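**Student:** One-letter residues, chain by chain:
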Amino acid sequence: MVSERTILAGFGGQGVMLMGQLLTQAGMIEGKEVSWLPSYGPEMRGGTANCGVIVQAEPISSPVVEGNATSEIMMNLPSLLKFEEDLEPGGKLLINSSLISEKASREDVEAYYIPSSDIANELGDTRVSNMVMLGAFIEVTGIVEPESIFQALEEKLGLARAHLMDVNKEAFSLGAACVKEQRK
Amino acid sequence: MAKVLMKGNEAIGEAAILAGCRFFFGYPITPQSELLEYMSLHLPKAGGTFLQAESEVAAINMVYGAAGCGARVMTGSSSPGIALKQEGISYIAGAELPCVIVNMMRGGPGLGSIQPAQSDYNQSTRGGGDGDYKLLVYAPASIQEMVDYVQISFDKADQYRNPVLIAGDGVLGQMMEPVEFSSQKATDLPAKDWATTGTDGKRAPNVINSLYLDAEELEKHNIHLSEKYAKMKENEQRWESVGIEGAELVIVAYGTTARIARSAMDNLNKQGRKIGLLRPITLWPYPEKAFEELDDATKHLLVVEMSMGQMIDDVRIVNEGKRKIDFVGRSGGVIPSTSLVEEKILEILERSE
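Residue numbers (the working numbering), protein chains in the order written: chain A, 202 to 385; chain B, 227 to 579.
Don't read these hints as lab results, they were simulated from the structure. Quick caveat: nothing in here was measured; it's all calculated off a predicted structure. Please note that the accuracy of each hint is not assured.
Stated by the list, open to error - Straight-line Cα separation of at most 25 Å, SDA-like style, residue types lysine to any residue; simulated pairs:
#1 B:Lys496 <-> A:Val203
#2 B:Lys229 <-> A:Arg328
#3 B:Lys570 <-> B:Gln463
#4 B:Lys515 <-> B:Val541
To be verified - One-sided and incomplete, this derived list gives chain B residues near chain A with beta-carbon spacing under 8 Å:
#5 Lys229
#6 Thr256
#7 Arg485
Claimed, not checked - With beta-carbon atoms standing in for the labels, derived distance ranges:
#8 B:Thr275 <-> A:Gly214: 31 to 37 Å
#9 A:Glu303 <-> B:Val560: 27 to 33 Å
#10 B:Leu337 <-> A:Glu289: 36 to 42 Å
#11 A:Ser306 <-> B:Val560: 23 to 29 Å
Yeah, the Cβ is synthetic: ideal placement off N, Cα and C, and Gly gets one too.
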């Protein structure tokens, strides 16, 4: 069965850690084996942030995603430069093309360019850039159902922020649409 | 109870509350601060007391006090913070009081780094403070196991009247995994008739103390402690072994490192190798009995640690020169990669062929 080992990276404030947690929780909701391992350091808003997520059927031994990633979500250029080499041949590389003008330097990976920050800004909420990427990611990998991501998000937002569900769902579907467009 | 996704540090906090812990004293330090944060929010709701002390030294002495009163009490820290607590831990062990100490190890020595490490093995198992004492030391390898061992730790602390140390690392503290909480508290624990709970004028005062001015009396106390440790050595060794039957090489690793080793083992076994894994769950008492299970076919042991090599000394002691022992590890906060372990194994096997 599929094992999706994903590195998610960007700068602090882009919702990278949350994106990883939603993916992990969605996997758990579906009864899959999951792990979420953050980098941690003297980090702050604007600093670097990354995490490794594993979603698979088999129990997870090493939770470290390094050199064996099957997919990556890169939200800014320093992340792409740092982690591109950790992707396995044939791996899926999702790039936030709003902030990264460079293309993937490797030809043995499947690259997608998602202008997630621009799409989020058009929706009037720059914070949902991560949900655009997550929508694109689920469209590419199919590792969990969109419904599971929404359920995870609903639990995360709670009642007080439930009104944010709609814009997040819209961001998610625009990200998915972006991938469909590129696959044509 | 349904599974929830939690950080290791937070899961320990919840497990402690469910295990009846009602006092927590600590001082924040990366990578274990979320344990304090969780306790500060949730322990008061359970009718308990959370207190951020002015220092680690103060925190461990508060633990000493609460334990002396018979309370279920916990403290947590990371490597340099645990180093500061050693004096208090020695006092608590000397006075035979139960408590649970959590160490989410980070790189050392000194202030070191804030990234994961296992370089407090010696501090944990040799008695980091003064005197002839031992801690019961558990080294879980997943968040679920960590949660299960919080309950076990409190019960064993009460059973033996001894501090119990949970030795984790930055990975186990910071990562999230699904976890299920269940409460299976031991029911046959002895009454805490030694605790300083107030005499009500009805009994002689209980005294909590680690000072003996008469040398022979202290020796008698040390012999008593020693007998207790012998009992722990007999009854409390725990380990997990995987695929050791007929293995050409067995990896010995604990905690996070055991998981990395397991990935390396699985990868190599898929290529036709026969590699096994022996994972100590108790670091003290060291699971010597586990080594009796090893196959005659096994000629090599590979110790993998997130340090320059500390547990390897215990492997040497129990091995008694029977098998060749190699070591691979990273330190300072660098996590050894699966491929590093695989390469080392292949190097060893090729050398001997």
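**Student:** Compare the structure with each hint and give your call.
**Tutor:** Results for each hint:
1. Restraint check for B:Lys496 and A:Val203: the C-alpha separation of about 17 Å stays at or below 25 Å, so the hint holds.
2. For the given pair, B:Lys229 sits about 29 Å from A:Arg328 by alpha-carbon distance, which is inconsistent with the 25 Å threshold.
3. For the proposed pair B:Lys570 and B:Gln463, the alpha carbon gap of about 28 Å is over 25 Å, so the pair is violated.
4. As the CA atoms of B:Lys515 and B:Val541 are separated by approximately 12 Å, the hinted pair is consistent with the 25 Å bound.
5. This hint holds: B:Lys229 has a C-beta 6 Å from the nearest C-beta of chain A, less than the 8 Å allowed.
6. Nearest Cβ of chain A to the Cβ of B:Thr256: about 7 Å, under the 8 Å cut. The hint holds.
7. Interface restraint check: B:Arg485 against chain A, minimum CB-CB distance 5 Å, threshold 8 Å, status holds.
8. Our hint of 31 to 37 Å for B:Thr275 and A:Gly214 holds, since their Cβ atoms are close to 36 Å apart.
9. Between A:Glu303 and B:Val560 the C-beta distance comes to about 28 Å, which sits within the given range of 27 to 33 Å.
10. For the pair B:Leu337 and A:Glu289, the beta carbons lie near 37 Å from each other, so the given range of 36 to 42 Å is met.
11. At about 26 Å, the beta-carbon gap between A:Ser306 and B:Val560 stays in the expected band of 23 to 29 Å.
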